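Here's the letter readout for the chains.
There are 2 protein chains.
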Amino acid sequence: QPRREVLFFPSQVTCTEAVLQAPGAAPGPASGCQCSLPHGESSLSRLLRALLAARSSLELCLFAFSSPQLGRAVQLLHQRGVRVRVITDCDYMALNGSQIGLLRKSGIQVRHDQDLGYMHHKFAIVDKKVLITGSLNWTTQAIQNNRENVLIMEDAEYVRLFLEEFERIWEEFDPT
Amino acid sequence: QPRREVLFFPSQVTCTEAVLQAPGAAPGPASGCQCSLPHGESSLSRLLRALLAARSSLELCLFAFSSPQLGRAVQLLHQRGVRVRVITDCDYMALNGSQIGLLRKSGIQVRHDQDLGYMHHKFAIVDKKVLITGSLNWTTQAIQNNRENVLIMEDAEYVRLFLEEFERIWEEFDPT
Ligand SMILES: [Zn+2]
Ligand SMILES: [Zn+2]
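Protein chains in written order, with the numbering used here: chain A, 28 to 203; chain B, 28 to 203.
Because the hints were derived from the structure by calculation, they are not lab data. Keep in mind it's a predicted model, so treat the numbers as computed, not measured. Ideal placement from N, C-alpha and C gives every residue a C-beta, glycine not left out. Treat the hints with care, as some may be off.
Below, simulated DMTMM-like cross-link-like pairs (lysine to aspartate or glutamate); rule was C-alpha separation at most 25 angstroms, straight line [what the hints assert, rightly or not]:
| id | chain 1 | residue 1 | chain 2 | residue 2 |
| --- | --- | --- | --- | --- |
| 1 | B | Lys155 | A | Asp182 |
| 2 | B | Lys156 | A | Asp140 |
| 3 | B | Lys156 | B | Glu184 |
| 4 | A | Lys156 | B | Glu184 |
| 5 | A | Lys155 | B | Asp182 |
| 6 | B | Lys156 | A | Asp201 |
| 7 | A | Lys156 | B | Glu32 |
| 8 | A | Lys156 | B | Asp182 |
| 9 | B | Lys156 | A | Glu32 |
| 10 | A | Lys156 | B | Glu68 |
| 11 | A | Lys155 | B | Glu181 |
| 12 | A | Lys155 | B | Glu184 |
| 13 | B | Lys156 | A | Glu184 |
In silico negatives: residues of chain A with every beta carbon more than 12 angstroms from chain B [as the list claims (entries may be wrong)]:
| id | residue |
| --- | --- |
| 14 | Gln48 |
| 15 | Glu68 |
| 16 | Ile135 |
| 17 | Gln136 |
| 18 | Gln171 |
| 19 | Thr203 |
Make the full structure from the sequences, and use the hints.
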């Protein structure tokens, strides 16, 4: 049964330490986390899990990316050897709290537009197998306050079409 | 075979008169339109066609709605007796060129939020059968200049989940 799910936001604010624990780490501390936040599932924790399932590749095509939790998830994947590529919009990249600079510093490939129109997509492709797309910009403001949707679809046809779009933009934004 | 399609934007600027012709009208004038725009298909014309297929109901849940062509399509459906309901974001509604005032004047039901978070969805449900959702705000700026995606899915499960979300917000934004 291929995965087909939708997450609605705003997400309840929950502790995401257990999700963001490196795999192989003892499941003790974070699952027994004593912080004051609720420790159940939320739309954000489900989105993090869907991303952290990546084993080989992750393509990100995101208008805005400033959520620290989502930034940590992408860094974790990079550290695990997953090939991460990021396309983003230059107008947003310069804003306060953007994760893009941190991703670049850790060696992740990032390309951005330099023209008038916005690169307004908000999608991710996990292992060239699962498409994650919707209305949600990856910002804490949007996650915690906005009405948003994110589809998680294991769908070969959609993955193919979005991957083609990713590669088109990736080539177009090649700085060399 | 259930419909499953993706439209990518920016859309080529094409003449949409033929698409927006009322059905039953003689297929002469608009299909033989003499204006200077190209008359082929485009992402916008495909989106218009998907909406104009509605026969009984159309739910719209849109952060921003200022495209004159999409406004005309919704007005046409209302004139044909399709039950149209619109949810939008109050912050955008007041902006220049919004179609929302025109829709209201013609008798279409519109509800909007009044809180801090954005109503950031961009989805439509046609005849409770087809879900149209993606990154695209319904503005000419986005249609003509931005990198955007719109999924068109005949999918009973997704339609059910998005319709539930629509009804939740519709009740919450009830002004009475
Ligand atoms: Zn905790
Ligand atoms: Zn024409």
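Hints breached by this structure = 2, 6, 10, 18
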